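**Student:** Heads up: the protein sequence lines correspond to chains A and B, in order.
Residues in the first sequence are numbered consecutively from 1, following UniProt numbering.
Residues in the second sequence are numbered consecutively from 1, following UniProt numbering.
Bear in mind the hints are in silico, worked out from the structure with no lab data behind them.
Wrong hints could be hidden among the right ones.
[To be verified] Coverage of chain B stretches by chain A, computed from C-beta distances (three or more under 8 angstroms per stretch; other residues unrestricted):
| no. | stretch |
| --- | --- |
| 1 | 116-124 |
| 2 | 274-283 |
| 3 | 305-317 |
| 4 | 407-414 |
| 5 | 439-451 |
| 6 | 499-513 |
Bear in mind the structure is a predicted one, so any value in this text is a computation, not a measurement.
Virtual Cβ for every residue (Gly too), placed ideally from N, Cα, C.
What follows is each chain in one-letter form.
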Amino acid sequence: MASSKKVETRLCAVTFFAKVHPGDVCGSNGLPLTPNSIAILGRAQRLKELKDEHLCQYLDVIRDKHERTIVVSEYLGCSLEDHIQRSSGHHLEINEILRIFYQVAGGLNVLVKHKLVVHNLEPKHILMESDGSRIKLFNYGLHHMTKGGAYVPFPIGNIRYMSPERLMGQNGNIKSDVWSLAMIMVELIFHIELWPKLKISNVARKILALGRSNNVIEKLAREHQCYEAYLAMDKDLRDLLDRCLSVLPKQRPLPQEVMQHSCFQSVVESLARKEPKPDDGKPKPLLLHCPLSQIYHLWQLAGGDVQAELKKEGLIRSEAPILGLPQIVRLNGSSVCPKRSQSHLMDDRVVPLKLQPLIQRLSRLPAHIYFPLLHSPRFAPLQQQFASELQQLPLIIRERDIEYQFHRVRLFATLLQGYPHTAELLQREASVDIPPLLRGPVWAALLDVLPNCSYTKIDKFTATSTDRQIEVDIPRCHQYDELLSSPDGHRKLKRLLKAWVTAHPQYVYWQGLDSLTAPFLYLNFNNEELAFLSLFKFIPKYLQWFFLKDNSAIIKEYLSKFSQLTAFHEPLLAQHLASISFIPELFAIPWFLTMFSHVFPLHKILHLWDKLMLGDSSYPLFIGIAILKQLKTTLLNSGFNECILLFSDLPDIVMENCVIESQKMYEATPKSITHRQHAVPQQPLHPLDIGIGDVQLKHLQTEQCPRISAKDVQHLLMHSSSELALIDLRGILEYSHVHVPHSINIPFATVQLGEQRLDALNVPQLEAQLRGRIVVCVSNIHQHAIEFSNFLVACGVLRTCILHKGFNVLHSIEPNILISN
Amino acid sequence: MHVNGNGNDASRTVEFVYKYKDYEQKDCVARLDIKFPFDDEDLEELVTQLLSQMDPMMRLLDENINLEKELQSFVDREHQLFLDDHAEKLLNQLANEEIDLEAIVRDTERWYKDELLQFADRVGPSDEDIFAQSFHRLVHSSSLEEILKRERAYAKVIGDMTEHMDSEVETLNNSQQQEMDSQINQLDITTTSEDINNLLAQQYTTQNFVRKRYESELEAMMGHQKNEYRDWITSQVGQIYQVSPVSTPLGNRSSMFVSQQPSMEESFTIHLGSQLKHMHNIRILSANVTELCSPLHAEESLNGLNMALGLYSSSLCGVVVLTPSIQAQANKNIIKNANKSTEFHFEQMDAQLEKIEKQIRALDTNTDTTSSGSGSGSSMEGSVEGSAEGGSAQSSPIKRHVPRLKTGDFFVTKHSNLSQSHVIFHLISDEPINSPSEINSRHPVILGLRNILKTASRHDITTLTIPALLRHEMSEDMTVQWCIRRAELVFKCAKGFMIESASWGGAELSTLQLLLPDDISESLFTTLAGMVPNVFRVANPKILVDNNNKL
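Construct the entire structure; sequences and hints are all you get.
**Tutor:** Listed below in structure tokens is the structure:
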């Protein structure tokens with residue numbers, strides 16, 4: 001058979017429309033109601049986590065224009081319905097039927113454990129592998145994602161298999177599914193189709209009649225002329241079916257009880273034996289050994305377009321919008337429309353998504369890309385060889401390159417499996433880039449998160465005084481995003497925020513915490529604990545003390561440091577902003593308090609934080625400078641009012657440049673320059689470092705240039721003296737007595753700082769000597785250093801700083817770096 | 001645990017009693033009333049509630065783990081029991097025939113038939129639908145040019161006919177005038193006033209006759225053209241299908257060529273949204289609204305191409321035209337323009353208006369009985385044609401309650417033969433001419449505007465023109481101050497609606513045109529245009545500097 005050689009369809013899509021809210025209605029909070037398609041999207045996320053051998057995995061839920069929802073899930077072999085049609089005349093053996101029965105019950109049982117019901121169980125939704133050995137339930141989540149059908153206009157479930165109580169309006173009882181299952185089995189056992197020719201109304205009447213009968217199976221058998229087969233039925237099986245088709249749900253068994261029934265004994269045994277599948281000589285493509293979520297992600301990267309596939313099958317009909325326009329719309333929203341076209345009806349066809357091109361495309365990749373061996377000695381060179389070329393390309397291109405992403409996804413998946421032992425390697429690889437598919441767990445790993453179930457212990461429900469503020473903020477937090485605007489997203493965000501507040505009695509809820517939490521929730525929507533722990537670790541790392549009730553000292557220090565660093569990297573801009581009194585307090589507080597998550601859309605934050613996660617607590621400052629740098633021309637030409645207006649609604653920032661710039665500055669800045677007393681120290685303090693209480697806020701506010709520690713000066717001197725320019729401000733005598741080699745002596749007493757030009761200093765080629773270097777002003781009189789450094793900034797000299805504790809501290813450096821004449 | 005039989009079978013409350021030993025090994029009890037049916041998401045909350053009854057120490061002792069386990073199994077059991085009991089009650093009703101079974105059967109059948117394609121009475125695509133698809137396919141093929149050629153030729157015939165009619169009517173007029181003049185000169189000499197009256201009547205009849213004759217000729221010609229055209233399109237599409245598949249996908253953006261240069265115009269690109277920014281174009285222009293709805297084939301222009309490409313696409317062009325609430329009256333000049341050539345795709349504008357008129361009547365009788373605003377889209381199907389006798393649009397005003405639309409309502413006409421609009425939204429506005437009033441953002445006209453934007457979003461109208469002053473003509477007492485206030489209101493509301501539209505899940509408005517009267521003064525135009533960048537935040541130019549060239 002030619003068909004069996006083809007790789008089976010593994011992915012498929014179904015689509016439907018959500019119910020449209022009538023007219024203009026508002027929710028209880030006065031805000032417009034969330035569209036049902038968004039609510040569906042939020043509810044469906046949970047289903048993606050269900051992984052079981054008897055359930056088709058959910059992979060994606062897409063919200064299209066005009067309230068359309070598209071669901072992508074796993075698919076397997078063919079449906080029971082197709083199987084029966086295809087093999088007409090050739091009936092299923094009784095033990096095959098039992099196998100199906102048992103496995104479907106197994107699937108139901110898993111769903112019961114997750115508090116789910118199916119309610120659309122029918123042969124179309126029971127899939128079997130081509131050899132009939134494995135059964136999976138399909139489309140079982142429709143009931144859950146639509147909140148029991150409340151979000152969609154159409155009824156859920158095939159009426160023929162519907163239990164009487166469901167027909168009468170009950171919703172959500174798993175026993176109704178047991179009924180459906182038994183009805184399907186009756187069909188299989190008797191080789192019949194239930195009421196094949198009856199109209200819906202008559203089927204409904206039949207079912208209601210069953211609801212009043214005593215022996216459902218007998219009645220069915222008589223109706224379908226198979227009373228003899230009924231009599232000949234195995235007693236055990238009949239007993240089980242009788243119970244499953246009890247009119248009163250109380251008497252029906254739960255799926256678990258079904259599975260324990262004695263008639264499945266042989267089935268259980270044969271399943272347990274699990275004969276190795278007959279090898280048809282052809283190994284499965286390597287790709288199919290990868291998790292389906294990864295395969296689907298790659299399929300999308302490879303140009304897979306679910307909408308296009310649906311369109312091809314006629315499931316998304318391109319009806320001309322002009323024909324559907326209403327003729328009259330009244331003020332209250334009621335309208336006169338042309339008749340609704342049938343393209344809006346529920347069409348339950350399943351569209352397969354072809355994997356073959358993807359498999360072929362990836363088939364020429366070597367196996368070590370599929371399964372990277374981290375600890376093999378050849379690992380590094382192999383990886384290098386594969387990816388180094390691509391890593392020169394811009395991030396946006398890398399994120400869309402299928403081979404590259406495949407390589408990265410496989411690599412990070414392996415690294416995450418080995419976490420925390422692979423933390424170091426993970427950090428290294430993350431500095432190249434992070435594959436979007438695994439960003440959530442990768443970030444968590446970068447933040448040293450180790451899930452420990454502590455999240456469940458935190459009280460997330462008891463009312464607190466911050467609840468009101470949280471309630472107000474959540475419906476305004478990144479609501480353009482479908483996940484975050486869904487009711488489920490709101491609930492989750494609320495829980496996370498309350499948990500964080502409860503877990504930090506020393507802190508308070510500052511507005512902005514919601515934005516800060518949003519990226520973590522977005523990335524770990526199905527794993528609240530991971531989201532919470534990431535936030536939990538993120539805040540002390542970058543925002544230590546920011547959430548104190550009185551955080552003014554911390555914020556002031558932070559913003560002063562920001563000003564200093566701006567002067568350090570962008571002296572002219574800093575000069576200009578200072579001259580128009582456009583101080584960071586006016587615009588930068590939300591930047592830093594939310595780590596920019598309040599000012600940028602999520603997709604930009606993700607790239608920004610990819611790099612942020614790798615840096616220390618000073619990194620955000622450089623992002624701030626990078627933003628200013630990008631707006632430099634506008635800012636330099638603007639006065640105070642224009643600047644305020646510009647920042648009131650931050651213009652579009654090119655994130656890639658911002659990231660690159662900030663990283664450059666971050667790397668070019670000695671650590672002590674960014675010293676803040678409120679930051680968590682990364683390493684134990686060295687005597688030559690800037691001490692914790694050394695620099696007070698008042699110093700920061702009066703000194704335009706940051707201070708550098710003797711340790712960093714020493715380090716620069718020893719390792720990269722070409723990047724250092726030391727200006728010695730002491731008198732000539734002192735200088736000749738002892739000085740740092742290659743330092744420039746400009747005695748402070750002799751210079752006139754009135755004119756803001758370097759030439760005025762009369763030092764030959766001073767500008768050339770300072771260009772591209774870190775300029776350290778050294779003096780024994782601190783005030784001199786401050787004044788001189790201010791002069792340099794005014795002259796536009798880049799990277800000016802002051803040696804902390806002045807020249808004398810250099811004496812204490814061991815080994816000696818000074819030379820004396 | 002006991003069951004609170006609170007009579008209500010839709011839910012019931014059961015008490016959960018949790019026995020545990022505290023840290024001193026004392027026996028303790030925690031209780032909680034739990035309501036069924038149960039939503040599983042609440043479990044953790046209930047655990048919290050129970051824990052809060054206990055000593056805080058118990059949380060640290062991991063009591064929550066055992067508590068959750070027990071609560072879970074309790075809830076599972078009770079939930080199942082509740083459902084089973086509920087079902088039993090229903091089934092008992094069924095057995096005792098206490099409920100209307102036929103109603104269930106009927107409702108079920110209707111539900112399945114109305115909403116599931118599988119069971120619906122299949123109706124094939126309508127003729128309109130098929131024609132739309134054929135046309136759309138054809139227009140995106142090499143036949144486009146021929147289509148336009150044909151349309152132009154057809155339009156020329158109609159144009160010639162109307163011209164002919166006009167000139168004949170005019171000649172007739174002139175000759176009649178002369179005749180009349182000569183008669184009047186002879187009054188009391190050879191003619192009596194009676195003669196003149198007779199002549200007047202006779203002239204009137206002749207004129208009427210001539211007009212009627214032409215009108216029926218025109219009508220016949222238009223009908224003929226329409227049939228011929230549609231047949232031709234359908235025949236063409238069969239051929240094209242054999243040659244090449246669809247060449248361009250649906251939804252190409254039709255750009256707007258403005259053939260009649262409006263007197264003043266300025267364009268802006270804006271970004272809306274607080275974090276995620278959406279880009280829109282704003283164009284402010286001064287023009288007569290009829291210029292936006294001028295006949296398509298009147299002169300050689302590129303617009304015919306654009307309008308044809310866009311007609312069945314998902315980027316339509318719409319115009320908002322204000323109209324007083326006197327029945328379904330559209331702007332006379334626009335009707336005239338629409339009648340300059342045959343409407344091949346939709347009904348001729350008069351017929352559309354007539355239909356809408358009927359629907360308004362039906363609507364009015366309906367809204368008196370049924371609750372209004374019960375739903376959009378499907379509340380009143382197009383089939384409510386109304387039993388009202390087919391009164392023409394010119395029927396004399398009836399004394400009793402006249403059904404009519406109110407301020408803020410609008411009706412919609414569709415066009416394929418106008419220069420810049422596929423869709424005209426006729427928004428009812430009764431602002432009296434010559435006495436400009438003050439309105440606020442809750443005014444019905446503004447809300448009507450919002451409904452229009454909503455309809456536009458739902459039906460893929462991506463270019464929309466709105467009257468920026470909610471007036472089509474300037475008048476003496478529209479002071480500069482008033483205009484600024486009014487424009488600011490409209491701009492701000494439009495901005496708000498556009499931001500809101502991001503969550504409507506429809507098509508995004510790519511271009512919003514703010515239309516000012518064509519007789520606006522240049523200085524006022526400049527002032528109002530200057531307000532646009534202030535109200536809508538204009539996108540900053542992105543300047544990309546190559547940072548690597550700094551060596």
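**Student:** Three residues or more, CB to CB closer than 8 angstroms: is that satisfied between the stretch 499-513 of chain B and chain A?
**Tutor:** With 7 residues close enough to chain A, the hint holds.
**Student:** Please count how many residues of the stretch 407-414 of chain B have a CB within 8 angstroms of a CB from chain A and say whether that reaches 3.
**Tutor:** Contact hint for the stretch 407-414 of chain B vs chain A: holds, 7 residues under 8 angstroms.
**Student:** State whether the coverage of the stretch 274-283 of chain B by chain A holds or is violated, taking the criterion as 3 or more residues with Cβ-Cβ distances under 8 angstroms.
**Tutor:** holds (count 4)
**Student:** If you count the residues of the stretch 116-124 of chain B with a beta-carbon closer than 8 angstroms to a beta-carbon of chain A, do you get 3 or more?
**Tutor:** holds (count 7)
**Student:** How about the stretch 305-317 of chain B: do at least three of its residues have a C-beta closer than 8 angstroms to a C-beta of chain A?
**Tutor:** With 5 residues close enough to chain A, the hint holds.
**Student:** Between the stretch 439-451 of chain B and chain A, are there enough contacts, at least three residues with CB-CB distance under 8 angstroms, for the coverage claim to hold?
**Tutor:** Contact hint for the stretch 439-451 of chain B vs chain A: holds, 4 residues under 8 angstroms.
In summary, the structure agrees with every hint in the numbered list given earlier.
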